[in-house]
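First residue of the sequence shown? That's 741 in this note's numbering, and the numbers climb one at a time after it.
Take these hints with a grain of salt, some might be off.
Only pairs whose alpha carbons sit at most 30 angstroms apart, straight line, appear in this in silico DSS-like list of lysine-lysine [stated by the list, open to error]:
id, residue 1, residue 2
1, Lys742, Lys754
2, Lys754, Lys857
3, Lys793, Lys862
4, Lys862, Lys742
5, Lys754, Lys849
6, Lys839, Lys854
7, Lys789, Lys862
8, Lys793, Lys854
9, Lys839, Lys754
10, Lys849, Lys862
11, Lys837, Lys854
12, Lys754, Lys862
13, Lys753, Lys742
14, Lys742, Lys837
15, Lys839, Lys850
16, Lys834, Lys754
17, Lys742, Lys834
18, Lys857, Lys839
19, Lys854, Lys753
20, Lys839, Lys849
21, Lys862, Lys839
22, Lys839, Lys742
23, Lys753, Lys837
24, Lys753, Lys857
25, Lys837, Lys849
26, Lys857, Lys787
27, Lys862, Lys787
28, Lys850, Lys837
29, Lys849, Lys787
30, Lys850, Lys753
31, Lys837, Lys857
32, Lys849, Lys742
33, Lys742, Lys850
34, Lys753, Lys849
35, Lys862, Lys850
Because the hints were derived from the structure by calculation, they are not lab data.
Here the structure is a predicted model, which is why all the values come from computation and not from measurement.
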Amino acid sequence: MKSWSYGINSIYKKASIYLEEASWWMFAVGRIVEFLCDLIPPISLPKIKMRLKDREDIEFNGGSEWTTLRDWYGDLRQIFHCFVHMPAFDFCQKRIKLKSMEIDYNSAKKMFYKEDKEFWDKEIEILDL
741 MKSWSYGINS IYKKASIYLE EASWWMFAVG RIVEFLCDLI PPISLPKIKM
791 RLKDREDIEF NGGSEWTTLR DWYGDLRQIF HCFVHMPAFD FCQKRIKLKS
841 MEIDYNSAKK MFYKEDKEFW DKEIEILDL
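All chains, please: the whole structure from these sequences, using the hints.
Shown next as C-alpha cells:
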C-alpha cells in the first residue's frame, strides 16, 4: 500500500512530497492503535509509591529515588501511550519505507491549495501576524 502526503515550511518557503510504502496491515495497525489511544479516558493513577532504579530517572526526579505512579505516569491515557501506542508506532515505522522529494513552495501551493484551503489560509494568516 502507498500513502502520499506533503509538508511545507511557510517561513523558509520549502515544501516536500512524501511517499510511504508498506503492507496494508502496517498502516491499519498504526491507525487502530492511534484511534484506541484517543479513546482511553484520562483517569488519574493512584498515588502508590514506587522506587526509581535508573540513574537518569532519579536525576529527572530532582535527585529523589521515590515517586508515585500518578506523579511519574499521570493517567491511564499516558500509560497506554507509553506502553502500547509508542511501541506499536515504532514497530510500524521501522517497516514503512519513506521516500521524499523537495518541490518548489509555490508549486506546492498551486497543487494543494484547493484540496486543503483551510490549512493554507491558516499558514498565510500566521505569516501575516
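Comparing the hints with the structure gives:
Only pairs whose Cα atoms come within 30 angstroms are accepted, and Lys742 paired with Lys754 is accepted, the gap being roughly 23 angstroms. For the proposed pair Lys754 and Lys857, the alpha carbon gap of about 18 angstroms is at most 30 angstroms, so the pair holds. Between Lys793 and Lys862 the alpha-carbon distance is near 46 angstroms, which puts this suggested pair outside the 30 angstroms criterion. Between Lys862 and Lys742 the CA atoms are separated by roughly 28 angstroms; this keeps the pair inside 30 angstroms, and the hint holds.
Distance restraint check for Lys754 and Lys849: the Cα-Cα separation of roughly 11 angstroms lies within the 30 angstroms cut-off, and the hinted pair is therefore satisfied. Taken as a hint, the Lys839 and Lys854 pair is honoured in the structure, with Cα atoms around 24 angstroms apart against an allowance of 30 angstroms. Distance hint between Lys789 and Lys862 is unfulfilled; the C-alpha atoms sit about 46 angstroms from each other, more than 30 angstroms. The hinted pair formed by Lys793 and Lys854 fails the criterion: a straight-line CA distance of about 54 angstroms is larger than 30 angstroms.
A distance of roughly 17 angstroms separates the Cα atoms of Lys839 and Lys754; the hinted pair therefore holds under the 30 angstroms criterion. With a C-alpha separation of about 13 angstroms, the suggested pair Lys849 and Lys862 falls inside the 30 angstroms cut-off, and the hint holds. This hinted pair checks out: Lys837 and Lys854 have alpha carbons roughly 28 angstroms apart, not beyond 30 angstroms. For the suggested pair Lys754 and Lys862, the alpha carbons sit about 16 angstroms apart, so the restraint of at most 30 angstroms is met.
About 27 angstroms separates the Cα atoms of Lys753 and Lys742, which keeps this hinted pair within 30 angstroms; it holds. For the proposed pair Lys742 and Lys837, the alpha carbon gap of about 10 angstroms is at most 30 angstroms, so the pair holds. Taken as a hint, the Lys839 and Lys850 pair is honoured in the structure, with Cα atoms around 22 angstroms apart against an allowance of 30 angstroms. Restraint check for Lys834 and Lys754: satisfied, since their Cα atoms lie roughly 26 angstroms apart, inside the 30 angstroms limit.
Restraint check: the Cα-Cα separation between Lys742 and Lys834 comes to about 15 angstroms, which is no more than 30 angstroms; the hinted pair holds. About 25 angstroms separates the Cα atoms of Lys857 and Lys839, which keeps this hinted pair within 30 angstroms; it holds. Simply put, Lys854 and Lys753 have alpha-carbon atoms about 19 angstroms apart, close enough for the 30 angstroms limit, and the pair holds. A distance of roughly 20 angstroms separates the Cα atoms of Lys839 and Lys849; the hinted pair therefore holds under the 30 angstroms criterion.
The straight-line distance between the Cα atoms of Lys862 and Lys839 is roughly 27 angstroms, inside the 30 angstroms bound, and the hint therefore holds. The straight-line distance between the Cα atoms of Lys839 and Lys742 is roughly 11 angstroms, inside the 30 angstroms bound, and the hint therefore holds. The straight-line distance between the Cα atoms of Lys753 and Lys837 is roughly 26 angstroms, inside the 30 angstroms bound, and the hint therefore holds. Taking the CA atoms of Lys753 and Lys857, the gap is about 17 angstroms. The hint holds against a cut of 30 angstroms.
Of the supplied pair hints, the one linking Lys837 and Lys849 holds, its CA atoms being roughly 26 angstroms apart against a limit of 30 angstroms. With a C-alpha separation of about 47 angstroms, the suggested pair Lys857 and Lys787 falls outside the 30 angstroms cut-off, and the hint is violated. Using a Cα cut-off of 30 angstroms, the hinted pair Lys862 and Lys787 is violated, with the two alpha carbons roughly 42 angstroms apart. Only pairs whose Cα atoms come within 30 angstroms are accepted, and Lys850 paired with Lys837 is accepted, the gap being roughly 27 angstroms.
A C-alpha spacing of about 51 angstroms is found between Lys849 and Lys787, which places the hinted pair above 30 angstroms, so the restraint is violated. About 13 angstroms separates the Cα atoms of Lys850 and Lys753, which keeps this hinted pair within 30 angstroms; it holds. In summary, the hint linking Lys837 to Lys857 is supported, as the alpha carbons are separated by about 29 angstroms, within the 30 angstroms threshold. With a C-alpha separation of about 22 angstroms, the suggested pair Lys849 and Lys742 falls inside the 30 angstroms cut-off, and the hint holds.
Of the supplied pair hints, the one linking Lys742 and Lys850 holds, its CA atoms being roughly 23 angstroms apart against a limit of 30 angstroms. For a cut-off of 30 angstroms, the pair hint linking Lys753 to Lys849 stands: about 10 angstroms separates their Cα positions. For the given pair, Lys862 sits about 16 angstroms from Lys850 by alpha-carbon distance, which is consistent with the 30 angstroms threshold.
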